[in-house]
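Visitor: Same order as they appear, the protein sequences are chains A and B.
The first sequence lines up with residues -1 to 359 when you count with this note's numbering.
The second sequence lines up with residues 22 to 202 when you count with this note's numbering.
Be aware that one or more of the hints could be misleading.
Said to hold, decoys possible - Not everything, but these chain A residues come out facing chain B in the computed CB check (under 10 Å):
1. ALA24
2. VAL27
3. LYS50
4. TYR155
5. GLN156
6. LYS169
7. VAL229
8. VAL231
9. ILE267
10. ASN270
11. LEU315
12. VAL316
13. GLY323
14. ARG343
Everything labelled a hint here was simulated from the structure, so no lab data went into it.
Every residue gets a Cβ at the ideal spot worked out from N, C-alpha and C, and that includes glycine.
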Amino acid sequence: MVDRSTPPTRPPLSGASLVLRLAGIAVVVAAVAGAFAYVNGTLDPQRLTPKKLINVLETNNGVHPGFRRNHSKGVCVIGHFESSFDARSYSSAQVFNQARTPVVGRFALPAGNPYAPDGAVPIRSMALRFTQANGQQWRTGMNSMPVFPVGTPEAFYQFQQAQSPVPATGKPDPAAVPAFFASHPESAPFLAWIKTAKPSASYVTETYNSVNAFYLVNAAGQRQAVRWSMVPVAQDAPVATAPAGTDFLEKDLVQRIAAGPLRWQLNIILANPGDPVNDASKAWPEGRKVLNAGTLVLESTQPQLNGECRDINYDPLVLPAGIEGSDDPLLAARSAGYSNSYLRRTSEVSQLPAAKQEAQQ
Amino acid sequence: MSTQPKHFAPLARLLHWLMALMVMAMLFIGAGMVASVSERHEWLIHLHKPLGVAILLLVIVRLAVRFSTQQPPLPADLPGWQVLAAKASHVLLYALMLVLPLLGWAMISASGEPVMLSGSLQLPSIVPPNAQVFAFLRKAHGYLAYLLLLTVLLHLAAALFHGWVRRDGVLQSMLMGKDRS
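Extracted from the complex, chain A is given alone in its bound form (with noise of 0.2 Å):
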């Protein structure tokens, strides 16, 4: 733009002309930021966002900087899957139709304090990513339970709210999850197994559950409704009692390892027309067909402070093909939450202990 060119010649503006017109300008411009506004959030303050997913939780359990904000005590672990073949039929993804593919895995025990005592919680986490020849990634979160305590990522945040501290005590209201429960029916599957359910004294005895459900997709572009459970395979007798002490998970893994490979066998579970699909506080019924996928076998732990899964979001909804998400409200959550949760942690990574201590060296 080097030369200017000559402007046309233009009556000018009146007053009244010249403000409605610089109006009209403004209307416009607002409107587009006020859209704008709606959609990120800020005009919309009743919406459930995953920054206040996340922020329930810290004020939950209080913010451990560079740590999961939920899960956040765990172990790292080294393996590989090996595939029967037996899913082939059913889905298309390379981790079911190749002999081998490399696993980094995560215990976890699910509170967000990372020093909160094994006992705490009657229930484990493993953490899943497969990492596919072509590239592609399959990464799964299982937990112990059978079922979700809730169905909606709305019922979730109401249930973190009535565990949160009151102004007035500092501690939670002990009147609140009981009224919770009560005003959440859809909670009594999970509420009929925790009556029963102890900590364990290992993380090797227990059977992991997908909890939400999945498609699997094959070649031929078919979809069929699955749940999975990663089942152990050396059936030990589950230890009546958790030990003295408060970190006993890790020791008792790592001692175990290194006593040799630990497995599980992958059980895919394929639910019947009219199973609920969207909805992991409800169990499914007995009699389903059940697949023997293969078998993971772990090799190695890592402390969880610089191995391998600390920067891994076991975002349940990175998949490969062949694989997909269904329509249960939670993973998207799921995905949503965990991704605010990883940026909050990735910016910490430098006040992690370890971190310090290597510094220190």
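Based on these hints, arrange chain B on the given structure of chain A.
Guide: Just chain B now, with coordinates in the frame of chain A:
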């Protein structure tokens, strides 16, 4: 004497309006997906990634068109600060349209996730996995997207100012019309 065009080249105008739609959609999709826990979050992300790559490809074409065609000159009576603002904001718009998709691509790479444009279409990673690099790129992606939104709003206001208040042919240069009659 070279004759000055009154309009941008037809291809430049087509790219401008196509990308205006895409960039606005992209800004709203991005803001919506990070503020949602519903299924919307999922399908918005599945739009965001391929649309971002499409913008990246188109902005390269557009830069080529920009440098190979003649631009209509700014009016001679435009105050110097407005000339400067016009030029600086255009450089910023081009830079952000180029950088934001690359940042998005790089941040997913740094997170260690495969960069999937669809269920099976995968792009190569352009940055090795690193949590701290991810956090930096992710924040830069967010802040620069807001800078792009502000620049687009300024661009919109300036275009309407040219069209409704100054009536100097600048807005018309990006609208319909033939140059020589």
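Visitor: Look at each hint and say if it fits the structure.
Guide: Status of each hint after checking the structure:
1. For ALA24/A, the shortest C-beta to C-beta distance to chain B is roughly 8 Å, which falls under 10 Å, so the interface hint holds.
2. Interface restraint check for VAL27/A: the shortest CB-CB distance to chain B comes to about 5 Å, inside 10 Å, so the restraint holds.
3. With 10 Å as the threshold, the beta carbon of LYS50/A comes within range of chain B, its nearest partner Cβ sitting at about 8 Å, so the hint holds.
4. Taking 10 Å as the C-beta cut-off, the interface hint given for TYR155/A holds, the closest approach to chain B being about 8 Å.
5. Because the closest C-beta pair between GLN156/A and chain B is about 13 Å apart, greater than 10 Å, the hint is violated.
6. Interface hint at LYS169/A: violated, since its Cβ lies 28 Å from the closest Cβ of chain B, which is beyond the 10 Å cut-off.
7. Hint status for VAL229/A relative to chain B: violated, with the closest Cβ pair at about 28 Å, above 10 Å.
8. A least Cβ separation of about 29 Å between VAL231/A and chain B goes past the 10 Å threshold, and the interface hint is therefore violated.
9. About 23 Å separates the beta-carbon of ILE267/A from the nearest beta-carbon of chain B, more than 10 Å, and the hint is not met.
10. This hint is violated: ASN270/A has a C-beta 24 Å from the nearest C-beta of chain B, more than the 10 Å allowed.
11. The beta carbon of LEU315/A comes within 7 Å of a beta carbon in chain B, closer than 10 Å, and the hint placing it at the interface holds.
12. For the restraint placing VAL316/A at the interface with chain B, the shortest Cβ-Cβ distance is roughly 6 Å, inside the 10 Å limit, so the hint holds.
13. Residue-level restraint check for GLY323/A holds (minimum Cβ-Cβ distance to chain B is 7 Å; threshold 10 Å).
14. Residue-level restraint check for ARG343/A holds (minimum Cβ-Cβ distance to chain B is 8 Å; threshold 10 Å).
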